[in-house]
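Colleague: Given chain P, put chain G in place with the hints provided.
Going down the list, the protein sequences come from chains P and G. Quick note, the first sequence lines up with residues 1166 to 1612 if you use our numbering. Quick note, the second sequence lines up with residues 1166 to 1612 if you use our numbering.
Simulated from the structure, these hints should not be mistaken for laboratory data. Keep in mind that a hint or two might mislead.
A pair counts as met if it fits within one copy or between any two copies, since identical chains are not told apart.
[Unchecked claim] Subject to a maximum C-alpha distance of 30 Å in a straight line, what follows is the list of computed DSS-like cross-link-like pairs (lysine-lysine): (1) K1449 x K1588; (2) K1353 x K1423; (3) K1421 x K1518; (4) K1508 x K1464; (5) K1588 x K1408.
This one's a predicted model, so the numbers in the text were calculated from it and none came from an experiment.
Protein chains: 2
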Amino acid sequence: MTVEMIFVGTELLLGNIVNTNGQFLSEQCAAMGLPVYYQTVVGDNEERLSAVISSAFSRSDLIILCGGLGPTEDDLTKEVCARTMGIELAENAEVRAELDAFMSRLKMTVTENNYKQAMAPRGAVYADWKRDGAKNGGEGGNDGNGPADPEADHCFLLRNPNGTAPGLVMERKGKTAVLLPGPPGEMKPMFLEQVKPYLVKKSGQVFLSAVVKICGVGESAAETRVLDLVDSQTNPTIATYAKTGEVHIRVTASGKTKEDAQKLIKPCVKELKKRFGDDVYTAKPEVSLEMAVVKLLNKYDLTMTTAESCTGGMVAARLVSVPGVSDVFSEGFVTYSNKAKRKFLDVSKTTLKKYTAVSAEAAKEMAIGGVFANDSDMCVSVTGLAGPDGATPEVPLGRVYIGCCLKGKTVVKEYNFTGNREKIRELAASAALDLARRCILEQCKGK
Amino acid sequence: MTVEMIFVGTELLLGNIVNTNGQFLSEQCAAMGLPVYYQTVVGDNEERLSAVISSAFSRSDLIILCGGLGPTEDDLTKEVCARTMGIELAENAEVRAELDAFMSRLKMTVTENNYKQAMAPRGAVYADWKRDGAKNGGEGGNDGNGPADPEADHCFLLRNPNGTAPGLVMERKGKTAVLLPGPPGEMKPMFLEQVKPYLVKKSGQVFLSAVVKICGVGESAAETRVLDLVDSQTNPTIATYAKTGEVHIRVTASGKTKEDAQKLIKPCVKELKKRFGDDVYTAKPEVSLEMAVVKLLNKYDLTMTTAESCTGGMVAARLVSVPGVSDVFSEGFVTYSNKAKRKFLDVSKTTLKKYTAVSAEAAKEMAIGGVFANDSDMCVSVTGLAGPDGATPEVPLGRVYIGCCLKGKTVVKEYNFTGNREKIRELAASAALDLARRCILEQCKGK
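Isolated chain P (complex conformation) (with noise of 0.2 Å):
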């Protein structure tokens, strides 16, 4: 069974909000392993809405329709829908009291318009998932609203208790549709809680990801070394993806139970492991960099604190996004004169002279001051030139030197990114984290 989308809203295609329902929907249809191959923003427009329902039908089995079921005249989605698929509506008499009692409720006058959202295939009723399953709607119910449309096999409606527009499922001759409001907060429960369980038992399939994440290796170098994976296998399937200083390699494996799937992912991800070594950070699809290093904090025992001029706060941001981190992780500085850099990490004032600001030097006297400022195990430094101007013969743009300072032991790498000042400060926070990551790894792992 293909799955396609098709997100109706004039908002979208100004570009007025982010289409955060598709990625929603998108995710939720590939953990239920669901295809969807296609995607269509179109506008609050009879004729190109009827047109991309038509091609839709065309290449695909089930397409779910967001957006477009509000009381407004723009709102056309139902109608154009239904009338494509040759289903005639009808007044639900439920719909409309529901409506009478949601409108007093809130003690706002019903409008002729509100009644739009009253409008369904003739003896639909609603799917009561919670107590029976598809068993009320879902199996074709009559509710006394006249004799169901014999054309349409199976039409059901679908409670929407954030809003006044009910959601709607229609088959007809093997193809289906699924339709849903545009607001986040009324489409999202009513996908989970009605929409979801009925796409698990009509598709029968399941559907499992590992991700496995990759720091100091290149995009097309990483896959290089994965090209025979990806071109041997089939189920699990490998892609990769670049990611800003990170590249992210997806095992997706599909079978009849969880356990199918799982032991399909699991070689997979174990001769990734080996080819990758330590630039692994992660397997799991919700773990980030930034995690992966407070894992490691929390495991040995260490606290870390951070000291960062052209990142300017971002690596101490990042920890910080970590809920729980507190644990070992309780200052950082931003010292991005000079001055800031003797005050608080005493980098000396020959260095500075000497190296200037970005060099290896300072970086290293950064780390180092961090841990004594801060009595904490271990710092990790930035100091860079993020641009625009300020580039030398000797020290170009994107020249960043990261140090960390860990029992001890200092390390100091030099960096040549390149991009604009945005570009090169993520990449150098990214960096940071990695060659924290690193640092731990040598000198704790095993011990």
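Modeller: Leaving out everything else, chain G in the frame of chain P:
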């Protein structure tokens, strides 16, 4: 000229990432008055990508393709688009040389698949917008890489200073494809600096935008206050956009000349500034909140420091993102633990015990302590509960106190943000910058 967008990447279909490029490009096209009726997301699959491109060309004049330009086997956009348009690709000597230089600068080995990125329509050269508009590549130059493809009316390369994959513009038989890399850090500057001037020239109309950026007012409140303007205006058009902690009101006018458009925008911006007063921090699209703060610090010859707990360096990092910040910002503290708040900011033990670290009292002492510790003119402090754990009946999740000490006067404000840890911290960092801005205005404006 109608524009259509195609986003290429299985990671979008799997929901690994949110399609923020979609919003960015939509907003940009809307600002140029270019109608966009369809957007499609498709995976890294030759057959489906080709079908989507053909379908897009059947209904739109210009398509923007985003993603799939990298060096890996998955990256198919350029090859498939060229084939669909009937344009032949050949290795471009200039791009190959640049790739070699780039990789050697990074001290990385060039693998054979890297050279995939050097394939381009025969005869295509880089457009040099900065030097001579579209004159060079734009008019179809020849760089000695063989004769230009006679069927391709007009093809040129787009420089990518932030990555290895160049962008590409291909025109043939009245249809145009613009190919951009997927990573936003590469795509956005390429679009703004090279594609935007090309599209402006192509559309033959001058569009000008002002963006009145507002802090401290919610989106629906802001919308309500400009509804009359939105409804009554057609040129300029007015649209509101919700951003994290900010609302942007975009005013777009079209005219035959830049001056015509400017004349239409001016009274509208004036009216918006009058309505929102000091809530407005800029009317320039390129100015960020941190830039506005740095500009004010420079204007009134003030130095600023930061004392951050839950934001963990985000405020400092945003200030440091502004080039030339060193005149007004030289250091900041990340004081995540109570111990660090006491040690570096001299917050009293009694305050932390009696009121806890998430209190107006602690925020006040942090701000004052920051000024003294760093001998600066002002300090902004942030302390709050970003969660996910730690909420109490007295201190709910999202409660943040922000302090600002300027010239002996200290202001503290309480905020109650909603969202996850990430969102709460982002909102807090924006609120901190906004409070600093308001304090400067209040104490220094007109003096």
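Colleague: All hints, please: hold or fail.
Modeller: Taking the hints in turn, this is what the structure says about them:
no., hint, result
1, K1449 x K1588, "both (25 Å within a copy, 23 Å between copies)"
2, K1353 x K1423, "within (24 Å within a copy, 40 Å between copies)"
3, K1421 x K1518, "neither (66 Å within a copy, 56 Å between copies)"
4, K1508 x K1464, "between (32 Å within a copy, 27 Å between copies)"
5, K1588 x K1408, "both (12 Å within a copy, 21 Å between copies)"
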